[in-house]
Amino acid sequence: MKAVMIQGTGSHVGKSVTVAAICRILYQDGYRVCPFKSQNMALNSFVTATGGEMGRAQVMQAEACGLQPEVFMNPVLIKPVKDTAAQVIFMGRVVGNMSAGQYDNYKQEFMPRIKQIIGDISSRFDYLVIEGAGSPAEINLLKNDIVNMATAQAADAPVILVADIDKGGVFASFYGTVKIMPAKWQKYFKGLLINKFRGDKKLLDPGIKWIVEKLKLPMVGTIPFFTNILLDEEDSVNLEKQQIKNSSRNARFRVAIIYLPHISNFTDFNFLDTEQDIEVSYIKTRKQLKETSPHLIILPGSKSTISDLEYLKECGLAGDITQAYRKGASVIGICGGYQMLGSTISDPYGVETKAGSIGGLGLLDIETDFLPEKYTSQVQFKLNADALGTEGFSEYFTGYEIHMGTTRVKGLANPFYVKTESMDKREGCIKVNREKGNMVMGTYIHGLFDNHRLRNCLLEYLAGLAKVNLNLEFNQESSQVFKQKQYDKLADLFRGNMDMETFYKILNAGL
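Position 244 (the sequence shown) corresponds to 244 in this note's numbering; numbering is contiguous.
Errors might be hidden in some of the hints.
Unchecked claim - List of simulated lysine-lysine pairs, DSSO-like, C-alpha gap at most 27 Å: (1) Lys-354 - Lys-327; (2) Lys-214 - Lys-184; (3) Lys-196 - Lys-184; (4) Lys-167 - Lys-284; (5) Lys-187 - Lys-115; (6) Lys-209 - Lys-167; (7) Lys-410 - Lys-436; (8) Lys-431 - Lys-290; (9) Lys-382 - Lys-431; (10) Lys-196 - Lys-483; (11) Lys-436 - Lys-287; (12) Lys-202 - Lys-436; (13) Lys-382 - Lys-354; (14) Lys-505 - Lys-201; (15) Lys-410 - Lys-313; (16) Lys-290 - Lys-436; (17) Lys-143 - Lys-82; (18) Lys-313 - Lys-327; (19) Lys-431 - Lys-489; (20) Lys-483 - Lys-431; (21) Lys-327 - Lys-436; (22) Lys-467 - Lys-290; (23) Lys-374 - Lys-327; (24) Lys-313 - Lys-284; (25) Lys-467 - Lys-82; (26) Lys-313 - Lys-431; (27) Lys-354 - Lys-82; (28) Lys-216 - Lys-196; (29) Lys-143 - Lys-287; (30) Lys-214 - Lys-202; (31) Lys-216 - Lys-184; (32) Lys-382 - Lys-410; (33) Lys-505 - Lys-184; (34) Lys-167 - Lys-115; (35) Lys-216 - Lys-179; (36) Lys-467 - Lys-196; (37) Lys-483 - Lys-467; (38) Lys-327 - Lys-214; (39) Lys-410 - Lys-431.
Source of the hints: derived by calculation from the structure; they are not laboratory data.
As the structure is a computational prediction, the values presented were derived from the model and not from experiment.
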């Protein structure tokens with residue numbers, strides 16, 4: 001097995017996308033290729049077929065390789081619950097909550113298993129494409145590093161260093177990152193790659209010549225800035241870009257997604273962005289919600305549900321959401337957002353906070369209790385025939401659940417889906433008010449909008465209640481077909497802007 005590692009001069013420089021592109025290129029060239037990131041910090045996660053939890057970036061990269069995602073591709077997942085503490089997940093299962101200091105002292109215990117996993121991969125694949133985290137030049141973390149140079153050493157992987165020119169200071173970033181590293185690690189750097197370039201590449205020539213001479217490293221490529229390839233994002237930093245793009249649409253149906261401080265699994269809404277008649281806005285303020293005047297408000301998942309619910313109440317958005325519903329906007333809550341829609345959330349075991357309870361928005365007659373054990377599972381389900389007027393619509397859909405709580409539906413709320421493993425187990429909750437032309441709905445299932453048939457069914461029903469005519473014929477592809485086309489577009493973009501001979505020379509020469 002040959003390996004290559006993509007490290008960055010900082011966070012959000014394009015490491016995940018670069019790994020996905022290289023994975024796809026190698027897959028197109030006929031090789032067995034596998035992605036890997038030993039430690040990932042992200043609130044966007046996925047549940048595998050075996051019920052394990054892993055980072056979204058490695059899911060995307062696995063799909064680019066033509067593989068089913070497996071937790072060994074991302075053995076350590078860190079999900080922040082507040083600024084100084086996080087939930088630590090190893091091989092898909094929760095280890096526990098740790099402070100930053102506790103984890104820094106603990107994480108070396110994972111390294112022997114990480115080395116074993118890399119060894120196991122070597123017997124199954126031709127190439128391993130590894131993603132680093134943040135910057136390797138974070139010298140305060142070098143001693144206990146398990147994700148950058150320690151992984152490169154374990155895999156004997158040459159490193160290509162990526163920098164984001166859109167942030168400025170690209171040549172200083174390259175030079176500083178390499179030169180700040182101890183000499184024993186500098187030898188791992190074998191190439192440089194500039195990402196997110198806008199303009200005339202000839203203007204870069206003097207800088208490229210200088211940095212190549214100074215560092216004695218080849219420039220592997222200069223990748224242009226792009227917005228026309230839809231990929232799953234792992235970090236919410238790129239939601240601002242999507243907001244700007246969507247706000248320019250003259251759309252018929254407006255969707256407002258509440259931008260929670262601990263928003264998670266916002267990839268649930270990627271495929272709403274592929275519908276031409278839908279405008280998606282991420283809302284942070286009361287003013288934005290008022291100006292958007294949405295037909296549909298979505299409360300997304302949250303890693304800190306109680307904290308985010310308190311935030312909504314303190315900033316006034318909780319009252320505005322309730323008022324918008326009373327005036328005719330529909331509301332959908334997913335996972336943590338579903339829990340917020342109920343009457344109470346109780347935390348008797350102190351999972352998120354000190355033991356206690358908090359009142360919800362009161363839009364659904366449900367109660368939630370947090371439990372010590374996290375539930376993670378892929379699910380199959382079909383719509384309850386009475387829920388959305390879908391008699392005869394018997395297609396089965398897939399999604400996944402990740403949550404710490406259990407929710408009891410009270411009163412006369414109508415469950416809107418049925419899980420296939422237990423056909424009498426009706427879950428989720430929906431309440432329709434035809435006089436107002438709206439509804440409120442909650443579910444634990446992530447991925448509702450990924451399937452075009454289910455997406456169209458939900459959107460057409462909501463638009464019908466609001467008396468809005470929609471044209472939903474733009475994207476009728478399955479999510480997997482759509483994604484595979486995006487990976488091919490990504491590979492084409494990188495091939496056309498990389499020195500492929502130099503890249504393969506680095507890949508095959510190793511260290």
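Out of the numbered hints, which ones does the structure contradict? Numbers 1, 3, 12, 13, 19, 20, 23, 25, 29, 34, 36, 37 and 38 - these are the hints that the structure violates, sorted from lowest upward.
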